[in-house]
Amino acid sequence: MSPDATMTTTAIEKPGGPTALRHDPGAVRGPRRRPGRLRTLGLPYLLLLPALVLELLVHLVPMLIGIVMSFKELTQFFIRDWGTAPWAGLDNYAVSVDFHAPVGEALLNSFLTTCLFTLLSVGLCWLIGTAAAVFMQETFRGRGVLRALFLVPYALPVYAAVITWAFMFQRDNGLINHVLHDQLGLTDSPPFWLIGENSFVTLLVVSVWKGWPFAFLIVMAGLQNIPREIYEAAALDGAGVWQQIRRITLPSLRPVNQVLVLVLFLWTFNDFNTPFVLFGRAAPEAADLVSLHIYQSSFQTWNFGTGSAMSVLLLLFLLVVTGVYLTVTSRGRKSADA
Amino acid sequence: MPSHSRPAPRSPMAAPRSFLWSRAVFLTLLTGFVLLPVYVMVSSSLKPLADVSGKFQWIPSELTLTPYRDIWKTVPLADYFVNSLVVAGSATVCSVVIAVFAAYAVSRYAFRGKRVFTVTVLSTQMFPGILFLLPLFLIYVNIGNATGIALFGSRGGLILTYMTFSLPFSIWMLIGYFDSVPRDLDEAAKVDGCGPLGALFRVIVPAAVPGIVAVAVYAFMTAWGEVLFASVMTNDTTRTLAVGLQGYAGQNDVYWNQVMAASLVVSVPVVAGFLLLQRYLVTGLTAGAVK
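Residue numbers (UniProt numbering), protein chains in the order written: chain D, 1 to 338; chain S, 1 to 291.
Simulated from the structure, these hints should not be mistaken for laboratory data. Honestly, I wouldn't trust all of these hints.
As the list claims (entries may be wrong) - Using C-beta positions, here's what the derived DEER-type ranges look like: (1) D:251 <-> S:61: 51 to 57 Å; (2) S:192 <-> D:325: 44 to 50 Å; (3) D:247 <-> S:20: 16 to 22 Å; (4) D:243 <-> S:62: 52 to 58 Å; (5) D:68 <-> S:50: 51 to 57 Å.
Claimed, not checked - Reference excerpt, derived from the structure (chain S facing chain D, CB under 10 Å, subset only): (6) 51; (7) 53; (8) 133; (9) 221; (10) 283.
Remember, predicted model here, so these are calculated numbers, not experimental data. For every residue, glycine included, the Cβ atom is placed at its ideal position computed from N, Cα and C.
Can you build the whole structure from these sequences, using the hints too?
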């Protein structure tokens, strides 16, 4: 899937749905006994109509408007009547990617931070989730309780969980410094966790805590589709547990992993909630994830034009990564199957 | 429909020591990691303010329920609660109904544009929320100016927005679930005189209840926990818990015991609901998403 292809299909094919529909309701109300061609043709579109309208209204139209906005000089004076904002050409983009000027430099820094953060967070979430699911494949006493317990971070509302972590990472009255400094004596003075360099570690810990149960859930579901007979045959051939995991379990999870890693990547890269609740509106530089960065720079300066340009750049990046990822992993899968 | 809700056991052979030890160590550490914030949340919510303002204490010096009384006064938590309930509840009901119709169409009918529809809907999942936050903000403000329908700052605008958040995943999961309901069943219902909708509601929906429950749980959790749009699109009267909870930290000193008590109170409904229904989510995922 190339970014361009998605864009054009979105723009061209979509309006075809609703237009086609306008002819159909009559057909649906037509004589009941004689299911006409039109009726059977129109019904699926009618069923899709609500979903289509919503997706158009809340996702696709705003996205197109966002792209238009990125070419406008949309400062606070034009918010009420943004149609009158003058065109800015590529100015907003030029500002965003001028890495020698403050705006571009900050965006680049935020982007690189987000990349590193995403890489580490997705890796750890996947690793912990898979290990837990594989270890819990076989029944043992207390497995059901443990499984429910492991899903708690996933079920907790983000803000409730993250605000608790924020409390734990407080410098003077938090649990982390109490353990590290007071009880273990590892540091000379209690470090700050929510400002400065350490905030990256803080963000990573919270993100992994919150994110790994999703990997666990998906891998657990994936494990259920592995036929039992394969394990039995392997056991007959004398393969031990570790070998079974390496030779059967992990390879069987490949299709599941393809989707799981992609979803984790997109969610983590776009994560806004965690840094927002953890640090407030302005995140420290070391933990300035790109979503929060765009939000902050848009609503601080009320320059929606530049904010939109940054968002479009972000979307393009995600489309390219997703496209490359799907191409590479699908090819790898095909050649492995052959 | 998948009825096996437990994983296939690996082998009848006894597991070696190395495996059992690694498992015990790993799962113990992980349990500690998972439980630590839960313990902090529960224990701190029962502490007097002095305990949470000074050095952290593993054991509360005394247990008190006053934070649970005070949380309702420090900020209008009850109002936020009602707002969250109304918004998340309405968004869930609407999005589940819409997803059922859409998934039925994709699962049971061949039509032009089917692939475009599924790909487009799924790909909206990858858009950064920030990308359509700004335009949606403008659209809602301008619709309000032009028609007088207040979408910006109202519950209605938030409901409309949240409905679409869970929609792609819900449709995707329900397609898989509906596909696993044998077609013979709805064909038979049609022969018996049911219309297409009759077949949907009398045959397919009852057979897919676990999937629908799973989707509803997911939709509710998504709406209940959303922060970004709630922080921009609500005002003092429509504020939801996601934003309202930060009100405890507004002043110079933070009432951490109240923050923890309030966090616990807003978490209980979703966590309880999720844990009760989680096995449907796993079955739903097995049938739908993971294939």
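To see whether the hints hold, each was checked on the structure:
A beta carbon spacing of about 54 Å between residue 251 (chain D) and residue 61 (chain S) agrees with the range 51 to 57 Å that was offered as a hint. Our hint of 44 to 50 Å for residue 192 (chain S) and residue 325 (chain D) holds, since their Cβ atoms are close to 48 Å apart. Separation of residue 247 (chain D) from residue 20 (chain S) is about 20 Å and conforms to the stated range, judged on CB atoms against 16 to 22 Å. Checking the proposed 52 to 58 Å range against residue 243 (chain D) and residue 62 (chain S) shows it holds: the Cβ atoms sit about 55 Å from each other.
For the pair residue 68 (chain D) and residue 50 (chain S), the supplied restraint of 51 to 57 Å holds, since their beta-carbon distance comes to about 56 Å. Nearest Cβ of chain D to the Cβ of residue 51 (chain S): about 9 Å, under the 10 Å cut. The hint holds. Among the interface hints, the one on residue 53 (chain S) holds; its C-beta lies about 6 Å from the nearest C-beta in chain D, closer than the 10 Å criterion. The interface hint given for residue 133 (chain S) holds, since its Cβ lies 7 Å from the closest Cβ of chain D, which is under the 10 Å cut-off.
Residue-level restraint check for residue 221 (chain S) holds (minimum Cβ-Cβ distance to chain D is 7 Å; threshold 10 Å). Here the hint on residue 283 (chain S) is kept, as its CB sits about 8 Å from the closest CB of chain D, short of 10 Å.
Hint compliance for this structure: every hint is met.
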